[in-house]
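Peer 1: Throw the hints in and build the complete structure from the sequences for me.
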Amino acid sequence: IERDRAMDSYSSPDIYIPEQWSEAANSIAYNSMPPITVICGPKNCGKTTFSRYLVNLLLTKWKKVAYFDIDVGQPEFTPPGLISLTNLHQVTPDLTSQFKKTPKRSLFFGDVSPKRDPSAYLKYICSIYDYYQKEYCTFDKGQNSSRSQTPLVVNTSGWVKGVGYEVLVDTLKYICPTHIVKIGIPGKGYANKNLPAGEFWLDGEDDDGTSKLIEIKSARHDSNRPAPVPKDAGRLRDFRIMDYFRQCFPSDSDISTVKELAHSLTSLCPYQVPIASIKIQHVHREVPSSEIFYSLNASIVGFAVESDEPENLPWCLGLGIYHSLLVYNILERGTAWPFGIVRGIDTVKGMLYVITPVPYDSLKKVNLLLQGYIQIPTHLIKVKGCISPYMSENVLTRELGEGTTSTEELGEGTTSTEELGQGRREKRKRKKRGEKRVVTE
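Numbered according to UniProt numbering, the sequence shown terminates at residue 441, and the numbering increases by one at each position without gaps.
Not one of these hints is a red herring.
Here are the simulated lysine to aspartate or glutamate pairs, DMTMM-like style, with alpha carbons at most 20 angstroms apart: (1) Lys259 to Asp238; (2) Lys161 to Glu215; (3) Lys104 to Glu135.
Because the hints were derived from the structure by calculation, they are not lab data.
Peer 2: Below you can see the structure in the form of structure tokens.
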């Protein structure tokens, strides 16, 4: 009864938690040892809602809960494109709201889906889980195994078919959770979308009893009713990104609409970053050297520090492995995630112009830009009655280390989104006509 009363005050009035869910969460939360739980299932089955409900219940017993979010498309506490591990200390009554938290460790995956590079995605998952074991687990020499000291909740993506199924199985085998919650959508129309019945991850292997399977039904679907309209994932991602760049301005700024945000970004002074001082890493793809600036301009990038000695980087919060490089995303405690927009490139002066809420003290440590496939919301590219900075011929610059601002006309060799678009269109036309570009000395 006390458990039910405790959760009454932690449940959102807009969310119905079925008895089956409550029983499943109770069986996990009131275990004698801190559980490691993986929640899996197809898209729009309620994985995130159950995860947050379980976190709230765990926080009634434990001082903190570690939340491992591997859903790069719709993460809970960060902008899209990140894999993160976050410490949670307080119960969240409203299960429907999304809110920002500074991750304990995060990785810039650089895409909103793992489909483009599943092997790298799995490496990143394993890397952050290794960090969790190092920081939150103790090794029992007698049992020759590690034991969690902090409950872990793992929220997975809805990619459960084809290669996605194999990635999920490999993830479960690597993490070896104490509990696996499998959410299925009832109804014949969803049979081919659900995960296989039973302990699917064993794949014919003998059950060693490491993980307990809990199977529950989605609370949002009923076989006698039509399925609800799925969430517009792309639109939610856009709002998350716009909310992130809203942090470029003071919290008391009078910015309440997308149009106001777009207008405000046009007048924001970007950082001026010397191209010679940084490296550029294209995530999940190779870009010809002649196309690097075309690709980089008007794109969202991650800020990172390249180092062979990560122990010397006390502010690093993320680890990635690319081409045998250790890449750490930097982030001072209590600040924004390390994202930015490249709003212009001056190849003559050798400068990049970057918009970001990351403070100068953190940004000056950056020596690597990571470019993936995260797109700038179209709402910020062009707004009626407003010339977006990515289309402008003028640039407001703030020299790093100078602390001064000035307005400069883009010089010869400077590229803008509009110019790049025209160049690409001309290139496509020439290709269609079978023409080659003639370069004269």
